[in-house]
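Trainee: One letter stands for each residue in the lines below.
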Amino acid sequence: MSGDTVTHTTTDAPAPDPGSGIMAFDAGFLAPGPRPRRRRTRSLWAGLWPKLLALGLVLLVWQIAVWTEFRPSYALASPADSFAQLWKDAGTWHFWHSVLTTMRRALLGFLLSVGVGFVVGFAVARVKLLRAAVGSMITALQTMPSIAWFPLAILLYKLTESAIMFVVVIGAAPSIANGVIAGVDYVPPLLLKAGRNIGARGFQLYYRVIAPASLPSIVAGLKQGWAFSWRSLMAGELLVSIAGQPSLGANLNFAREFNDAPGLIATMIVILVIGLGVDTVFGFADRAIRRRWGITDA
Amino acid sequence: MSGDTVTHTTTDAPAPDPGSGIMAFDAGFLAPGPRPRRRRTRSLWAGLWPKLLALGLVLLVWQIAVWTEFRPSYALASPADSFAQLWKDAGTWHFWHSVLTTMRRALLGFLLSVGVGFVVGFAVARVKLLRAAVGSMITALQTMPSIAWFPLAILLYKLTESAIMFVVVIGAAPSIANGVIAGVDYVPPLLLKAGRNIGARGFQLYYRVIAPASLPSIVAGLKQGWAFSWRSLMAGELLVSIAGQPSLGANLNFAREFNDAPGLIATMIVILVIGLGVDTVFGFADRAIRRRWGITDA
Amino acid sequence: MISIREVSRTFGHGPEAVTALDRLSLDVSPGEFVCIVGASGCGKSTLLSLVAGLDTPSSGIIEAGPNPALMFQEPALFPWLTVAGNVGLPLKLRKVPRPAREARVAELLATVNLSDFAGKRPHELSGGMRQRVALARTLALDSPVLLMDEPFGALDAMTRDLLHDELERITQERGLTVLFVTHNVREAARLGDRIVLLSSRPGRLKWQGSVDIPRPRRIDSPEVSALAAEVTDRLREEVAQHVG
Amino acid sequence: MISIREVSRTFGHGPEAVTALDRLSLDVSPGEFVCIVGASGCGKSTLLSLVAGLDTPSSGIIEAGPNPALMFQEPALFPWLTVAGNVGLPLKLRKVPRPAREARVAELLATVNLSDFAGKRPHELSGGMRQRVALARTLALDSPVLLMDEPFGALDAMTRDLLHDELERITQERGLTVLFVTHNVREAARLGDRIVLLSSRPGRLKWQGSVDIPRPRRIDSPEVSALAAEVTDRLREEVAQHVG
Amino acid sequence: GSSDESPAGKTTLRLGYFPNLTHASAIVGVEKGLFAEKLGANVELKTSTFNAGPAAVEALFSDAVDAVYIGPNPTVNAFAKSKGEAIRVISGSASGGVAFVVKPGITDPAQLKGKKIATPQLGNTQDVALRFWLKEHGLTATKEGGGDVNVVPQENSVTVDAFNNNAIDGAWVPEPFASRLVAAGGKVLVDERDLWPDKRFVITNLVVRADFLKKHRDVVKNLIAGQVAANEFVNAHPEDAQKAVSEGIGKLTGKPLDPKQIAAAWKTLEFTNDPIASSLVSGADHATAVGLLDKTELKGLYDLSLLNEVLKANGKPSVKS
Ligand SMILES: Nc1ncnc2c1ncn2[C@@H]1O[C@H](COP(=O)(O)OP(=O)(O)OP(=O)(O)O)[C@@H](O)[C@H]1O
Ligand SMILES: Nc1ncnc2c1ncn2[C@@H]1O[C@H](COP(=O)(O)OP(=O)(O)OP(=O)(O)O)[C@@H](O)[C@H]1O
Ligand SMILES: [Mg+2]
Ligand SMILES: [Mg+2]
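Residue numbers (the working numbering), protein chains in the order written: chain A, 1 to 298; chain B, 1 to 298; chain C, 1 to 244; chain D, 1 to 244; chain E, 1 to 321.
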């Protein structure tokens, strides 16, 4: 038989490693085999080392830029300085207080945005009149920069947490609503018909058929919504510094105001780490959906 | 026959009006009938009046707030003042120059972001190693506020247009990449298998099968990416005011710096109108896809 | 129970338009089992969709009982639910209490011989298994009117024979009205009280005849074979006019 | 041409695991037409997927010619392409120049009797039409090995007979090697050089026999009927062990 | 608003300021409890910090604060935008603290031709001062950034980055940015004090909402007393004051300010209760002259009667508007 003949040989077990939920369009994806449990730690490591490598590369490029001194040290902070700063910060109450305050606001703001986004999204997707009236407004609102809302926020809520929440919600809810609308719009008509035929009407049709069917798109919208809410929050925290409530947004701005390069980078690292953490949560949700729907067998 | 018996009666033509691409989960959606051409203008009007109504309502609430004088006029600009300001602005060269400069930057920045986002998105979705290394970094990067990148932008590009573009691309590309990744991840495995079997390999598999199959999610990602790029641009335009180049971002900031409430609202209206225009373009793309895929028969 | 009067359905406009059904009239009396046969693309699925109220005719009037249960040509299962979840959903929507629901689901899954697969998801099933889950889900609706679109198309002969018996038992017991689309003329002769033959595009009523073979019938009985041969001849005649 | 040696395929792990194929061995010589019959869920689709290289066996060795063409049990058409686009895609991927491609697509669409629907999209077709488009797309691959999973399951008897003739002509002309899954035992007897019967879960080779009826055959010829009856008996025996 | 009497008969005074060197009076007054002391037990002091003038003015307009320390620019804006209704300047706070810092090679105005010079914001006091100074030295500069010298208005922190990266050649900025540019290798070409009579010009003043002033003159008077006391402390104990400022900013931002930087900038600042009305008015006139501001009527902006009462009680010379 010639060389380009397809030959599939496998002995027990060592099927292609699905690599902790990572999908690839090679035989490994299309033909997953059994994955023994005892490989857990090995696959954890398999998922970790590329991240560490990427991190190492970034640090290396950065350090080289510092070594070559193509910019003076006050213009370009070194990794050592930045991490020293981070380490120092991490020892202060102020730092943890900032992180907690901001995380609390982020979660609350995100939840509010999700609530508003879902209601608006489903309402617009469902009610013809609303869609015609405000459908195209949603993307337009999304493009409005946070600072444009500051006067209105202060007008409505004075210098309170609510003003910050207002900025966050108005920044993130449209994005989530858009995810919901996109999801609802792309529900396969066959599933809709099937749902209607088996007796799902009105709210039930939404709850039992349309919502689960649009879950992938909704999760994607939530992810984008998180990014919007976080960025709006960073802006909103500049709006009001409530007495005794330090925050990451304020820290970021102060570091910038003071041209404190190591401090700025230290805060950026904190933001990145939180972002990575949140992405992990979304990653789990995403993979759970994919596994249940049989889109990956990992 | 009892009252709750299903009866479907129709004489020629007057099938439920699909209402200019608007979907609803009533019989109108599931059972579209023929739509005569001569109804074009009527359906245009049907799509327009709810928008005008919504606009009218917003204006009414605003005007009532002004009439009740719950805040003095310098804190809460009246619609009349704001539109007068807009009208005055619209007569100036400065205004149109700003709009053109910003639109040019927005388009260029968006195109760059799309390029970067697509390359990164497909690369991460395809290459296991890259996904493990930088996959979760994308959402984390998305949450980084634009101002955090200013020092780096200046370091790399001084005070040039490129610095603005850098801020825009780093703000929008992750969002587009996420849309691409979500799309690729949810390509139905059956279509993938079919593509492979009919001889699509490597790039061809991407170009002929995966990309079109993930188009809906990609368009959703582009929409979110546009919002991100626009907001990043508004921030980036504060970074650099290039000689003789007024811009909307600078105008917005200027209005705020001078607590010029009517000016601020006028600029917001311009941003909203541009946003509406862009949404219309995305709406066309979206509806074209839906129609071709048979997700709506409108 | 089902009354179809001068019903037409055209897809698209202008020169591209396809007329799937053309002034079709048909009545099905309560408890009757009507089998529809016809060439591929003649409008059978369109007709069932219209009767189920999921599509609106371009012209004409359709009356059907409340909530006719439609078994689609494709399985149309919900990928996010398990087999048991899919079968149980119509019951859940009717607010059947949990113990009763679980008992009913178990019974239905036993009927379609899939008890072992209650916890699996649709993507883990074979084509024929999915079709059987869809059958169970349709039966779970407990509707007096059953509309079935090639319900046994993906099944092997044996499983099909068993399900023929089951279906016959259920329809007889509950006096269900059935509109049954099939490509298998023997199947039509085995199950139907009446066989309706549709013409090729546009779908018109070409011929119909009642099946006078006494029940219980067997699919390989000489009477069924003879009737099937007769209907096949008529069908062949019809299709021959269009193809080739 | 196709060699399957001691192939097993198990889905899932632990107590939930389902063994679809269990140490199955089968050889198909070049130009041979082998029909596979077996109960629903016995592992036929899994086998074709393995032979096509879209899945990897848990154990065992499979060898097949280069790029076997697989016609899936579902149509698996690309919704964003028209009928002509779907059929033409394999040609495009092989870089067949445009005029040749268009001619070939037209010819294939004529073969499956869908010339009028070249410009339609999959969602505008009936179930049987989609299946025929899938058939045309598979034939467009021009592979020496054809793997077909119930290719005519959604077609009426007449259209099916016509396509039987077409398929026989094509395979004979080009000396194709075919692995053909069907539930219709008559169809197997009409088309196959050999019939292979798989046992129910886990799929094992239960019985095989060559078909010695001279070609051209007719599906309603007494020889075909007799052989079909014989295979049906064996199948019935097999299924009876599992069901009821 | 919360400025109304609460059931207990307590008035709340909401005071805003920036965590910034030029707001040293406010920071010291808060840190050392001087405001609280002067306001007495019947008034509750609530403080908020802003990071720039516009937000502070938004808060004033929206009845979210009652009094704020702000620079001359937002002061004029707030007054003009509200057609003289919203605010009154009731006291000065600080003067000086602005410098024109350039790259070391530049020693003469003529060398500025073709150079890029940053200012904090188009039309603000520093921007106007630069343009006016350039005009006096025979150099042109257009609003759009053209002319002999390219004036680029941008955020101060961006200016420092841009200076570090040689993207600009100098900047006319307030403290602490001027010091920071010097630390980055810049050289002071002009100390703005040298351009003004008595080397004094306003950089921070205390502003109150007009209706709050009308309703609670006594409270405002006590606030002014606190401000006077704060400045007295600042001038009497510069070391202590600098420490208090460093700590006060540290509390708000998480990072105490570098004492050396404070000390360097401190020298260029003067803390005075005189709002130096003349400098504000002539600043506005200059702005009109270089075509950056419509003629604004500033009559009624100052209400210094309470300040003078306080000063008199303390045996200090009075100020005039
Ligand atoms: N949504 C649609 N848009 C356009 N044309 C359609 C649509 N649905 C069906 N058709 C057309 O209507 C005709 C009848 O389709 P239908 O699905 O009812 O056929 P069928 O009798 O069920 O065929 P089969 O036996 O192949 O399933 C076909 O020609 C098809 O192309
Ligand atoms: N992806 C999968 N995950 C888990 N189990 C699977 C998967 N694919 C198939 N199976 C199981 O393997 C068995 C064989 O499936 P297969 O699709 O090969 O059957 P088949 O012979 O084609 O049946 P049919 O005639 O109904 O199409 C079934 O029991 C099915 O549940
Ligand atoms: Mg059909
Ligand atoms: Mg199968």
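Since the hints were made in silico from the structure, they are not lab data.
Predicted model only: the values in this text are computed from it and were never measured.
Yeah, the Cβ is synthetic: ideal placement off N, Cα and C, and Gly gets one too.
Check each hint, because a few of them may be wrong.
[As the list claims (entries may be wrong)] Covered by chain A, according to a simulated footprint, are these stretches of chain B (three or more residues, beta-carbon under 8 Å):
#, stretch
1, 110-122
2, 127-133
3, 274-286
Trainee: Any hints this thing doesn't respect? Which numbers, in order?
Mentor: Violated: hint 1 alone.
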